[in-house]
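Peer 1: This is what each chain is made of:
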Amino acid sequence: MRTIFRPARLLLNLSVLLMAFFILGPILWLAAHAFVSGWQYPHLYPSGFTFTWWSKVFMDSALKTAIKNSLILSPIVVLLSMVICLPAAYAAGRMNYWGRKVFMIGIFSANSFPKIGLFAAIATLYYTLNLMGTFVGVLIIQLLGTIIYMTWIPAAAFASVPRNLEEAARDAGASKFRVFRTITLRMAMPGILVAIVMSFLASFDEAQGSYLVGAPAIYTMPTEMYSLVQNYPIQVAAVFSILLALPSVLLLGLARKHIMGGQLADGFQLK
Amino acid sequence: MNTKDDMGLELRGLNKILGGRVIIDDLDLSVAKGEMVSLLGPSGCGKTTTLRMIAGFLPVDSGQIMVAGRDVTALGPDKRPSAMVFQNYALWPHMTASKNVAFPLKIKGLSKIEIKEKVEAALELVNLLHHKDSRPGQISGGEQQRVALARALVQEPDILLLDEPLSNLDAKLREKVREDIRELQRRLGITTVIVTHDQEEALSISDRVAVMNSGRIEQFSTPQDLYRQPQTEYVATFIGSLNRFEGNLQDGQIHGGTDVIGIRPEDLTIANEPLEGSHPGIVELVIPRGHFFEVVVRRQDGLFRAFTNENVPTFGEHVHVKIKKALRYQNGKLVA
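Line by line, the protein sequences give chains E and H. Counted from 1, the first sequence has number 406 at position 271 by the numbering used here; the numbering is strictly sequential. Counted from 1, the second sequence has number 105 at position 64 by the numbering used here; the numbering is strictly sequential.
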């Protein structure tokens, strides 16, 4: 087959490349800096490759504690968020009750205020409740940030499960609970998975509130970044950034495989 | 009068009000075992509501539903001995065809071997064994419908409910599936209620047809009777074509009066010469309909629509139309 020169096609490819560079550029810059001993203007090439920054991070007890805190906090936050929000999401998605819309918009509007003001108000409350600088305090702050994801996305997922798929299961002899378990929940699962990923990332990346409420007693990976930027060489920050991004990338990769490639995709016609 | 064994479905005095509107109005219906019955009517006549009440998805306001001699009115859909094929099939997209069919058996708690046997038999019945590992999204609409049918039949229900089963299929396939369903229903001898708004479908598939209108059954009889002896003016106009005139029929002529005269197009004879009591007119339209012709004749105060396949006149020809047989209605009811 002869290839035909198509200017539109070329333009498209060029803009895709440009966009990829725009998105990936900073990450490439970070990745490069995590492995170089020094790379500063006016030198065109880095002065040498090294793993010292990685060992520095893993030797530093403050950084290690921050990693540990983040890895413990976020899963607990997501689990708690699921327990609290999923029933609410089901109710909002499937039932029609007085004040449903106000409730859903209310959840949304909490996110429309400047967060820092909200956190300051919470901080004064925390002082009286003795939650400042505690694990539970940070947990609650991060939990608040996940609520919008864990209610809105699953609510839409529950609402989009066709009723007659449930009726068909009832007709086939399944009890209401069994229908919920095998049909409703199963079909809403892609939405719930997305909500889990978003909530995890929201919790894992939350810095403002966690810093205000947690520091100096509790540091998480993002709040540790503040002191990193000020007190460590730039390469350590690069290493730490990569570590911070790793769970997000892994999670998104997993979710993509499960949501887009799995059998669940059939139900949502996304392929 | 019925022994318990030959009872199919019985609806007694069903009522349903939804949103302040009477949807079902004191409805009675009696379906014999092994019979195939259509609920036919325009949208909003209550046919789907009736089906959903039989299946148990909608509670009745009052009345009784008996299936195979058992009162099921108070039972939920999971406890009723009925199985439904939904209009859009309602297959579970995350399960393969055989998983879909196996679901009701799994709930019954059958053993794995039994389930496998029955599922394969059911899929074989609808000629779909080769698609047992396909998911609904991977097969055509007609195949999905057969999976839905297999899922209903595998439950060995006392009564099979079909909600507009052919409406999502294209015209060619519709006829074939219609025949397939009928053949299967006859072979299994399963009591079946089918909801449809398509009169051709209802007339060709059913033993008896219940024509519904605003929550009531206008007439419940065989397709032939429905066409030849429509008991109400509503049924006469709803089923097939009808020449409708207001007035009284005397010696083949229509005079002023309060009756309604209905004449089927094939009950008109077209002749070149005047016959006794015939109406003179001019041919306005001749439409070939395949095995017959539809002829529209204009007379002094109206139109005659006739079906004929002999002596087909041509456009503009002067002809004489004679009424062979007419239906007479007073206050909407047939008068003998």
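Please note that the accuracy of each hint is not assured.
The list that follows gives simulated cross-link-like pairs (lysine-lysine, DSBU-like), each with its CA atoms no further than 35 Å apart [to be verified]:
hint, chain 1, residue 1, chain 2, residue 2
1, E, Lys199, H, Lys149
2, H, Lys147, E, Lys311
3, E, Lys311, H, Lys149
4, E, Lys392, H, Lys173
5, E, Lys311, H, Lys213
6, E, Lys392, H, Lys217
7, H, Lys149, H, Lys366
8, E, Lys311, H, Lys140
9, H, Lys120, H, Lys173
10, H, Lys173, H, Lys149
11, H, Lys213, H, Lys153
12, H, Lys120, E, Lys311
13, H, Lys149, H, Lys217
14, E, Lys392, H, Lys74
15, E, Lys392, H, Lys213
16, E, Lys392, H, Lys120
17, E, Lys311, H, Lys374
18, E, Lys191, H, Lys149
Derived, one-sided and incomplete: chain H residues facing chain E with beta-carbon distance under 7 Å [what the hints assert, rightly or not]:
hint, residue
19, Pro118
20, Asp119
21, Met125
22, Ile148
Derived from the structure by calculation, the hints contain no laboratory data. Glycine residues also receive a C-beta, built at the ideal position from the N, C-alpha and C atoms.
Peer 1: Check each numbered hint from earlier against the structure, then list the numbers of those it violates in ascending order.
Peer 2: Hints 1, 5, 6, 7, 11, 14, 15, 16, 17 and 18 are the ones this structure does not satisfy, whereas the remaining hints hold.
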